[in-house]
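Participant: What follows is each chain in one-letter form.
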Amino acid sequence: MTPVLRATGLGKRYGRRPALADCTLEIPPGRVVGLVGPNGAGKTTLLQLAVGLLAPTEGTIEVLGGRPGAGPEQLAKVGFVAQDAPTYTNLTVADHFRLGAHLNPHWDNTVAMDRIAALGLDPAQKAGKLSGGQRAQLALTLAIAKRPELLILDEPVASLDPLARRGFMQSLMEFTADTGASVVLSSHLVADLERVCDYLIVLAASHVLIAGDVDDLLATHPRLIGPRDAAVPAGTTVVQESHTDRQSTLVVRSSAPVDEPGWAAERLDLEDLVLAYMAAALPDDRRAVAAL
Amino acid sequence: MIWLTWRQFRSQSVVAAVVFVAAAVVLGIAAQAVATMWTNSGAASCPATGDCAALASFLQEAQQGWTMMVYVLGAGLIYLVPPLVGVFWGAPLVARELEAGTHRLVWNQSVTRARWLGTKLAVLGAASMAFAGLLSLATTWSSHRLDQVGFNRLEPILYGARGIVPVAYAAFAFALGVVTGMVIRRTVPAMAITLAVYAGFALAMALGIRSHLLPATHTQQPLNTANINGMGISQDGTMRVEASFDVPGAWVTHNTTITATGQDFTGPANTQVCGRDGAPKDCIGWLGSLGLKQDIVYQPAGHFWPLQWVESGVFLALTALLVTFGFWWLRRRSS
Chain A
0 MTPVLRATGL
10 GKRYGRRPAL
20 ADCTLEIPPG
30 RVVGLVGPNG
40 AGKTTLLQLA
50 VGLLAPTEGT
60 IEVLGGRPGA
70 GPEQLAKVGF
80 VAQDAPTYTN
90 LTVADHFRLG
100 AHLNPHWDNT
110 VAMDRIAALG
120 LDPAQKAGKL
130 SGGQRAQLAL
140 TLAIAKRPEL
150 LILDEPVASL
160 DPLARRGFMQ
170 SLMEFTADTG
180 ASVVLSSHLV
190 ADLERVCDYL
200 IVLAASHVLI
210 AGDVDDLLAT
220 HPRLIGPRDA
230 AVPAGTTVVQ
240 ESHTDRQSTL
250 VVRSSAPVDE
260 PGWAAERLDL
270 EDLVLAYMAA
280 ALPDDRRAVA
290 AL
Chain B
0 MIWLTWRQFR
10 SQSVVAAVVF
20 VAAAVVLGIA
30 AQAVATMWTN
40 SGAASCPATG
50 DCAALASFLQ
60 EAQQGWTMMV
70 YVLGAGLIYL
80 VPPLVGVFWG
90 APLVARELEA
100 GTHRLVWNQS
110 VTRARWLGTK
120 LAVLGAASMA
130 FAGLLSLATT
140 WSSHRLDQVG
150 FNRLEPILYG
160 ARGIVPVAYA
170 AFAFALGVVT
180 GMVIRRTVPA
190 MAITLAVYAG
200 FALAMALGIR
210 SHLLPATHTQ
220 QPLNTANING
230 MGISQDGTMR
240 VEASFDVPGA
250 WVTHNTTITA
260 TGQDFTGPAN
270 TQVCGRDGAP
280 KDCIGWLGSL
290 GLKQDIVYQP
300 AGHFWPLQWV
310 ESGVFLALTA
320 LLVTFGFWWL
330 RRRSS
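Chains A and B are the protein sequences, given in the same order. The first sequence lines up with residues 0 to 291 when you count with numbering that gives the first Met the number 0. The second sequence lines up with residues 0 to 334 when you count with numbering that gives the first Met the number 0.
Read the hints as simulated data drawn from the structure, not as lab findings. Beta carbons: idealized from backbone N, C-alpha and C, even for Gly. Be a bit skeptical, because a hint or two may be false.
Derived DEER-like restraints, expressed as beta-carbon distance ranges [stated by the list, open to error]:
#1 A316(B) with G127(A): 33 to 43 Å
#2 A43(B) with K125(A): 30 to 40 Å
#3 I1(B) with G29(A): 51 to 61 Å
#4 A43(B) with T88(A): 27 to 37 Å
#5 P28(A) with A316(B): 42 to 52 Å
#6 I1(B) with G131(A): 25 to 35 Å
The following block holds chain B by itself, in its conformation from the complex (with noise of 0.2 Å):
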């Protein structure tokens, strides 16, 4: 059975070794540029020196360019393996078969369909999660610089692309596309829908599920006014203010400034000082004195793989759901 699951997989696995070489080449020497740019910036002494003024140059000079692009598109491929390997490989892995009629054939040679859909699942979902985790590795080792110094790796543009979750990310997506194959009976459409469920699953699970999973930790702080990055003041006089946060490493889900007694924050603005008349000086300075606070939400820097771990552990969960269904879909056909 193995054998006829690698014979059937033969060009795929060619597909997806030539991908994964020239990844990790191209990977290869954008990790060789940023480590030399490192050095020659004069920012590898940063932690140890303290004196990090060199660090903007260095990453002026790592952001621009093709280094910056390769950061990009490592990130960008890692994020569409897990689809690719949902419509590609698992949606057609039996709906083929149910379309053509060979499910006809191989269901009648000497080896039960359990066994057959057990060894294919096996197979090609070692595969699935090899594939999206040797390049996760790959692109997370050339993209660690840039990471640590330039980019945030917990904000959601990123998070997908790093570390264990698209290895489950990969596992559900492939199980999915089985699944919807097996239900579906049509290659295409099945693809399609492969896309389109996952899509919604990766999207909830990252703009809304993920800053659930762990507990959030949360604060208030005094507004510190050199912090704000952004006002506005409308017609009536109500008034926003924005600040940043700054804890290194953190992903912020909510951030509001309220009074001093707890509510939101908005105004009335003083005309005299804020809007067209005033000097944004003193606006900032009379904003200041109103004892405003910032309340805020966020997930640490060391929630980081505490979140992989979760967040795997819910693909995992979901990609163990499909496969009993798999299996039991299967059963009810013939028993």
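Only chain A is shown next, with the shape it has when bound in the complex (with noise of 0.2 Å):
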């Protein structure tokens, strides 16, 4: 199957100021993906270039099988929802969906009134007169309507208060039950992305660190706890390392079980993962300061 986004030696400057460096991925379809990364790690500007809103300097960006942004076939398989959710501020809710219906040749209608009817908004109301959480919401009734092979959206719940953010994150589970779609969001807390995401690509200082199935990441991902000073076991590659007088606790990426007499293996959670991957991309300096 055409995976959904595949990007080989991806980059992009800004002059002289790289946002996205070297980044080679590729996406298997079906997936809802988490892209994770603290801010100004390059998320915007992945996702960005994934729906032809920026040009890349370097390499190649292919998704879904073509170029993004390049016709109006391509733009009506892939849903996008922009950071901050931009909604025009004069246009009423149905006249959204108006400019849905318009320009959009699969738009469909009784999704967009059914969903906005459970959210229990007034179709007259103005976009600028909507609560953060609604204004978010409509704008991704906007993109699911549009009916998308792919739904990106870039740091969906951001600036939602938690209340707004469960119903976000409901709304769009019950969108990729109903469809079965492909779906890549960002953000910058792991918690926000745990509950959804099947697949989870860590993005740190402009490069990928690692990409892959949360399952498969969690499976070769062991937390070894040993006395201080023993050999690191074979077959693994230290991620993270961090040590007290007598003991020395790793974290290490490791195709096989760990099963190394003096190391204790335990499983990560995600967000332990994700930290220790995103702690061992810091500069020296930090990285002393956030192993305290």
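Starting from two chains that each stand alone, build the complex the way the hints lay out.
Facilitator: Encoded structure:
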């Protein structure tokens, strides 16, 4: 099957400053992909490259087998909710749906109206009068009713309160359950993604640190605890290490289960895994602080 | 896409329609009033009978009071329409989307951004030109009698408010606003810059370029002392003389008094007859004996429409350049 997104040596620089560098990825279809990384890691750049709002300065990117934003067919296949969920302040909710209906060949107005009714939004309400959570829901509805094969969301819940956040994620999960479409969503908080994602990409300092199925990642990244100065078990790569006087704690990558005398292995949760990679990507001086 | 373009333009189009209807009503009433004065003064018979004495009384009546005010305000309105279109319709068109981030919404519907821009430029550009064109038509029609007998429509002050050039100005101003907004990315600064740049182009055209758009007529004629409408004498005896040039409807761009041998006439003044001690009559008589000539460059009245077409062509070509640049800019952003 055509991968949802395939990037080869992808890079984007603004002047001399790289926003994204040497990004090679292949995302299989049908996944809910979490793109996680600290602020400024390049998440927005990668997503805007994927929808064609930006053009790469190096390498190539293909989305659903086509060049992002290349033409009406390509645009119709990809739904996008940009950061801060922009909507037209002066247009009503119903106007937004008419916009969607006029500009998208596969527009499903029933889906849009049903969602708005379920959310309790008034179609005659101007978008400028909606709360942040309602506006995000409107933007999501616009993207969903377009019936895309791939839905891309850039920090969709960053500005929402916890209740709106939960409602939004609920809507998203219903969408994926109903349609089986692929989703890529970014966040700087793993907690936002943990319950919905089955595929994870960790991005830090313009580079992809790791990408893969969540289950595979968790299975291949144990935390090892053993005596200080014991040899690192063979066949493992250390991602992060910390030491006390008597004992060492390692997060390692290992293709096979670790069964080494002296080392106790325990399973990480997703947040620990992401933090281990992000801490390892920090510059040395900041890593020392993070390890404390 | 046309629906969205119209929806986002709805309130502006209502304003434009109200302005046009209000202006058309006032211009229509004024046209009626001037037509009545024309008939009642007896000036209407002037072309047929050659008895044009009544013309003066017609002009006196029409050039005083509210009909004159409508005449002046009508021309002023035509001059204001293109910059207002550029500032309020053109500049925010893309800048406001970029500022609010809504370009990220609309450029991810199933319509390429080239088509998005193309539709907006076509619909709103046509609206701008229609608005300017209809107002110019109404004003030109309402003012035709005074244009004909009272004023010279080829003179810069009136020329830009007549005929078809307002349409080309509006197209240019609109495209200028759109492109400025695209490049500046902020609505209010883009509005200010659009206004300044438009004013620069309009003034450069009126004060510098227009007189060279078509070959002017260059003529010399003996100074007719009856036409002298100004003279000055300095302490050191240098003297200058100005005389009017009476070709109906001509736009005189150069008019100097020269000597029989072709130099600019600078005196010296004959202080016996000119100046404090002499009688003006004698001074003029002395000037008439010098064999002075008038050196004149002018655009004849018949050049009004050719000039209008050429000038419109210039502004439409500039518009095309701006539009091309706009599409190039939009493509460069993403590919």
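Participant: Output the indices of the hints that this structure fails to meet, ascending.
Facilitator: Of the numbered hints, 2, 3, 4 do not hold.
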